[in-house]
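Letter by letter, the chains look like this.
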Amino acid sequence: MKGGDVMKPRAKWTSLFFGFFSLFFISIFLVFLSIPILAQNESSGSSRIYVDITSPGQKKLQVLFYYSGRGSDEIKSYLEKDLDVYGIFLPLFTSSKLSMDDVRLIGAVLYVEYNVSLEGDSLITDLKIYSSESGEKIFEKILKAKSNEPFMVAHRIADIIYELITGRKGLLGREIVAVRKIGGGNEILLVDPGTRTYRRVLYSTNPILSPSFSPDRSKIIFSMMVHGDFDIYELELATGKYRKVCSTPGPDSTPVYSPDGSRIAFTGYKGAEGGIFLCDPKTGKVTPLIVERGVINTSPTWSPDGRELAYVSNRAGHPSIYIYDFSSNRIRRITAGRYDVDPDWSPDGEKIIYSSMEGGWFLRVYYLKTGNIVLLGNGEDPSFSVNSDYIVYVKGGNLFIRSLYGSIEVRVATGYWQNPYWR
Amino acid sequence: MSKLMYGIVGALMGCTLAFLSSCGTPVCEQPTAAPKPIEKKEVVEEKPVPKEEVVKASVKEAPPVVEEKPAPVASIGDECNVKEFPMIHFDFDKYYIKPEYRPTLDKIAEVMKKCKNMVITIEGHCDEWGSREYNIALGWKRANEAKKYLVDLGIEENRIKTISYGKEKPICFEHTPSCWRMNRRDEFKVTQ
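Listed in order, the protein sequences are those of chains A and B.
Just remember that my numbering sits 586 ahead of the position in the first sequence, which is counted from 1.
Just remember that my numbering sits 26 ahead of the position in the second sequence, which is counted from 1.
Keep in mind the hints are simulated off the structure, nothing from the lab.
Mixed in with the good hints there might be a few duds.
[Stated by the list, open to error] Mimicking DSS-like on lysine-lysine, the simulated pairs with C-alpha atoms at most 27 Å apart in a straight line are:
(1) Lys174(B) to Lys856(A)
(2) Lys195(B) to Lys856(A)
(3) Lys124(B) to Lys856(A)
[Claimed, not checked] Far from chain A by the CB rule (all over 10 Å, computed), these chain B residues:
(4) Val108
(5) Pro112
(6) Pro129
(7) Met144
(8) Asn209
[Unchecked claim] Each pair of labels, with its calculated beta carbon distance range:
(9) Gly770(A) to Lys215(B): 18 to 28 Å
(10) Ser913(A) to Cys198(B): 45 to 55 Å
(11) Glu110(B) to Gly826(A): 30 to 40 Å
(12) Thr202(B) to Ser681(A): 54 to 64 Å
(13) Lys955(A) to Pro112(B): 29 to 39 Å
(14) Thr783(A) to Glu154(B): 22 to 32 Å
(15) Asn792(A) to Lys124(B): 24 to 34 Å
(16) Gly826(A) to Glu154(B): 46 to 56 Å
(17) Thr202(B) to Thr783(A): 28 to 38 Å
(18) Lys215(B) to Gly769(A): 42 to 52 Å
(19) Gly945(A) to Leu179(B): 47 to 57 Å
(20) Thr202(B) to Lys767(A): 13 to 23 Å
Here the structure is a predicted model, which means the values were calculated and not measured.
The C-beta atom is built at its ideal place from N, Cα and C for all residues, glycine as well.
Could you build all of it, start to finish, from the sequences and the hints given here?
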């Protein structure tokens, strides 16, 4: 909790000096914000505020919460953690109602009211969100959650705020799947980035690699070694049961569902030669796609339209990122580092993130439109969030989240983590 | 300017060394040579990739080459009851058989010819560098390169199984060049 308690409302705004000081601050703040903020009225009558979060110097946006009711305190502590993940908000909390003038004085962009009540086994949260600029209510909803899952309410509120402010999809409702090494074994875990907690899906003393979600997120596919051979397995989250779906006579790894769910791209083998294969998840039928003699081709990731695959190839002597186009059956190279691996194509289709090994590990983003490559910082094994604005990655064994645009890193789990997948 | 010169000289020396060490004999393959596609595949653009800002990494340089001595090959007792053969090691991100390990493989072939029922599993392993997935593929190449060598010496293919562990099963746990070298290996286990 950073500074939120400072705004305890018992301290009324009586000090003239403080008032003037705040007014001065607000006016500067508004001048700054008036450029990127676009308030627009929609047919529904609600207005949205779109802030350009892609500018690197973006200041944190203040959001003022007025909370009431039993359980609202608990939601508050989850909200603080949640908004921390986004890295662009400075949440302030008050437990007494403020006038819109007070909200403006404080400099908050949004004023969020939530009242919580318990009905049987359910938490009922009455949520109202106001734009401080117009003073109008821009969002209203009753949120229902199980009484023992107040964090679900917090995730929803935080996502709504992000969506109102940026016009982009929120990401806290989604868990991250990743592998963690413990003792002599491997486990597949689902990580809630908001609460920084996780739950086990599968444990095995055998190596487990590269889990990823099916497009509807009801299943996880992964690579696991059983009796000395890696094969592709699919685990149903509802039941926890898993089965082998795809297999070749070599170590099969890096399975990823096509965006329409009809195919799985993975790394497989035909004798000694390996490469990218496709597999029908219903029949298990396997067909080679990119196999070259003496070349390592691995780690495919689909473009969101399913027409291209980015992957790793050492056909030029060391691993680089390539793109395969299904319609033309051609490949092109997009990176030229000494060791570029682990590509992930963003859900918005505009970029590919990957990691390069140059002594240490570095995260880089390739922009498809311009061909530009931007260095983000240290980290490996990156995976995009559903809105393409954030990534999860591994650094020093720990799991981190950061925005593509800011430099704030949020550590969501410690330990020996590998292969996170989020979208 | 002087950096550039160093770079050029370094690159030339590197190439020469790589050429001398890896392609001294007809057995070895140059793994980085332009591969021939098996599948219908066509490269169009190997276009120059965009430049980006130079990164000053706290560079732990790529694992340096350590002097390598092949382990002595056991030849005592009943050879057909041997459980495991000495391992062989590889250069970073490479899977060609280094000349100093050919005697090790020659000995394995000799034993396997004497012991007609012997079946072995070759396990390919990698060091801690690089991605898990890439190393699974690299370990597979390492295991299969040794298998190919043995098959070329006349051992039946069905008597050699190959497995890749990638970097999942290191035998040396320090973050040192000698450990990295130890872990870049093929293990030969007698499974029958």
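Each hint, compared with the structure:
1. Lys174(B) to Lys856(A): holds, 15 Å
2. Lys195(B) to Lys856(A): holds, 24 Å
3. Lys124(B) to Lys856(A): holds, 25 Å
4. Val108: With a cut-off of 10 Å, valine 108(B) remains clear of chain A, as the shortest Cβ separation is near 20 Å.
5. Pro112: holds, 21 Å
6. Pro129: holds, 23 Å
7. Met144: holds, 18 Å
8. Asn209: holds, 15 Å
9. Gly770(A) to Lys215(B): 18 to 28 Å: Between glycine 770(A) and lysine 215(B), where Cβ atoms are some 19 Å apart, the hint holds.
10. Ser913(A) to Cys198(B): 45 to 55 Å: For serine 913(A) and cysteine 198(B) the Cβ distance comes to about 47 Å; the hint holds.
11. Glu110(B) to Gly826(A): 30 to 40 Å: With Cβ atoms ~38 Å apart, the hint holds.
12. Thr202(B) to Ser681(A): 54 to 64 Å: holds, 57 Å
13. Lys955(A) to Pro112(B): 29 to 39 Å: violated, 54 Å
14. Thr783(A) to Glu154(B): 22 to 32 Å: With Cβ atoms ~29 Å apart, the hint holds.
15. Asn792(A) to Lys124(B): 24 to 34 Å: The hint (24 to 34 Å, Cβ to Cβ) holds, given that asparagine 792(A) and lysine 124(B) are roughly 30 Å apart.
16. Gly826(A) to Glu154(B): 46 to 56 Å: violated, 32 Å
17. Thr202(B) to Thr783(A): 28 to 38 Å: holds, 36 Å
18. Lys215(B) to Gly769(A): 42 to 52 Å: Taking Cβ atoms as reference, lysine 215(B) and glycine 769(A) lie about 24 Å apart, which means the hint is violated.
19. Gly945(A) to Leu179(B): 47 to 57 Å: Hint violated: Cβ distance 39 Å, outside 47 to 57 Å.
20. Thr202(B) to Lys767(A): 13 to 23 Å: holds, 21 Å
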